[in-house]
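Note that the protein sequences, when read in sequence, are chains B and Z.
No gaps in the numbering here: position 22 of the first sequence is 22 in the working numbering, and each next residue is one more.
In the working numbering, each number is its position in the second sequence, counted from 1, plus 122.
Worth double-checking, as some hints may not be accurate.
Each computed SDA-like pair below joins lysine to any residue, with the alpha-carbon atoms no more than 25 Å apart [unchecked claim]:
#1 Z/K167 <-> B/T21
#2 Z/K167 <-> Z/A216
#3 Z/K167 <-> Z/S178
#4 B/K5 <-> Z/S129
#5 Z/K228 <-> Z/F184
#6 B/K5 <-> Z/K167
#7 B/K45 <-> B/Y61
#8 Z/K228 <-> Z/D139
#9 B/K45 <-> Z/R224
#10 Z/K228 <-> Z/T191
#11 B/K59 <-> B/L69
#12 B/K45 <-> Z/S148
#13 B/K45 <-> Z/S131
#14 Z/K167 <-> B/S60
#15 Z/K167 <-> Z/P130
#16 B/K77 <-> B/S64
#17 Z/K167 <-> B/D110
#18 Z/K167 <-> B/V103
#19 B/K59 <-> Z/V180
#20 Z/K167 <-> B/S55
#21 B/K45 <-> Z/S207
#22 B/K59 <-> Z/I124
#23 B/K45 <-> Z/S129
#24 Z/K167 <-> Z/E203
#25 B/K45 <-> Z/S182
#26 B/K59 <-> Z/S129
#27 B/K59 <-> B/G44
#28 Z/K167 <-> Z/T127
#29 Z/K228 <-> Z/S178
#30 B/K45 <-> Z/D204
#31 B/K45 <-> Z/R164
It is worth saying that the hints were derived from the structure and are not from the lab.
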Amino acid sequence: QVTLKESGPVLVKPTETLTLTCTVSGFSLSNDRMGVTWIRQPPGKALEWLAHMYSIDEKSYSTSLRSRLTISQDTSKSQVVLTMTNMDPLDTGTYYCARIFGVVTTPRFDYWGPGTLVAVSS
Amino acid sequence: DIQMTQSPSSLSASVGDRVTITCRASQSISTYLNWYQQTPGRAPKLLISAASRLQSGVPSRFSGSGSGTDFTLTINSLQPEDFASYFCQQSYTAVTFGQGTRLEIK
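Extracted from the complex, chain B is given alone in its bound form (with noise of 0.2 Å):
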């Protein structure tokens, strides 16, 4: 059974940076044929991609936030961690992590974790 769940602060203030961790379960991060990837939304707004990984190597920024993002996994602790700097209101939101499957056909998001919303306030 393929499970993910976003972990981090609830609350941030702004300037600080925020750190997510996405912990897997039911597939191997080492998988070449899978991945990870984040996606936040704003209340009520859309989804927006923000990162995603494929393997150690294999790492791809959104262009808007490439500056103030940084993805990276464990693959024995089954976790990618997503770490965004200087954080802003405009930040607020749910941040999900979900499975990339068929990266060398069709990339898709697959399986989901349940999101986690961080606030930004001081």
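Following the hints, position chain Z against chain B.
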């Protein structure tokens, strides 16, 4: 970046209706197009991948079509559980989502 334009942004329909949602890419994305359904407070759910491939467990009243820049999601005979938001997403180059379509009960 590839832009995805979804229409309409909201839609009112009745149980039993047939509805169509469209998604247009700013450049050709072949069939690298996925559709998701999201209900309030829940994570999105993958409905259709590769423009027309229905995911396991998704009712057959859902269908997708298109290639290149123009895509459609069709729902036949709407059921009460179908009233939700729908998002298209391209995976041809990086990832982009459409702005979503909110399907409401008339």
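Going down the list of hints, with the structure as the test:
1. Z/K167 <-> B/T21: OK: Z/K167 and B/T21 at ~21 Å, within 25 Å.
2. Z/K167 <-> Z/A216: 20 Å, holds
3. Z/K167 <-> Z/S178: Within the cut-off at roughly 12 Å; holds.
4. B/K5 <-> Z/S129: 32 Å, violated
5. Z/K228 <-> Z/F184: Holds, at about 20 Å.
6. B/K5 <-> Z/K167: Measuring from Cα to Cα gives roughly 15 Å; hence the hint holds.
7. B/K45 <-> B/Y61: 20 Å, holds
8. Z/K228 <-> Z/D139: Distance of about 10 Å is within 25 Å: holds.
9. B/K45 <-> Z/R224: Measuring from Cα to Cα gives roughly 11 Å; hence the hint holds.
10. Z/K228 <-> Z/T191: It is violated: about 30 Å lies between the C-alpha atoms, which goes past 25 Å.
11. B/K59 <-> B/L69: The hint holds at about 11 Å.
12. B/K45 <-> Z/S148: Holds. B/K45 to Z/S148 sits at ~21 Å (cutoff 25 Å).
13. B/K45 <-> Z/S131: 11 Å, holds
14. Z/K167 <-> B/S60: 23 Å, holds
15. Z/K167 <-> Z/P130: 20 Å, holds
16. B/K77 <-> B/S64: Measuring from Cα to Cα gives roughly 30 Å; hence the hint is violated.
17. Z/K167 <-> B/D110: 7 Å, holds
18. Z/K167 <-> B/V103: 18 Å, holds
19. B/K59 <-> Z/V180: 31 Å, violated
20. Z/K167 <-> B/S55: 24 Å, holds
21. B/K45 <-> Z/S207: 11 Å, holds
22. B/K59 <-> Z/I124: 18 Å, holds
23. B/K45 <-> Z/S129: Measuring from Cα to Cα gives roughly 15 Å; hence the hint holds.
24. Z/K167 <-> Z/E203: 13 Å, holds
25. B/K45 <-> Z/S182: 28 Å, violated
26. B/K59 <-> Z/S129: 31 Å, violated
27. B/K59 <-> B/G44: Outside the cut-off at roughly 29 Å; violated.
28. Z/K167 <-> Z/T127: Holds, because 20 Å separates the two Cα atoms, which is no more than 25 Å.
29. Z/K228 <-> Z/S178: 29 Å, violated
30. B/K45 <-> Z/D204: 19 Å, holds
31. B/K45 <-> Z/R164: With a Cα-Cα distance of about 14 Å, the restraint between B/K45 and Z/R164 holds, given a limit of 25 Å.
In summary, the numbered hints that this structure violates are 4, 10, 16, 19, 25, 26, 27 and 29.
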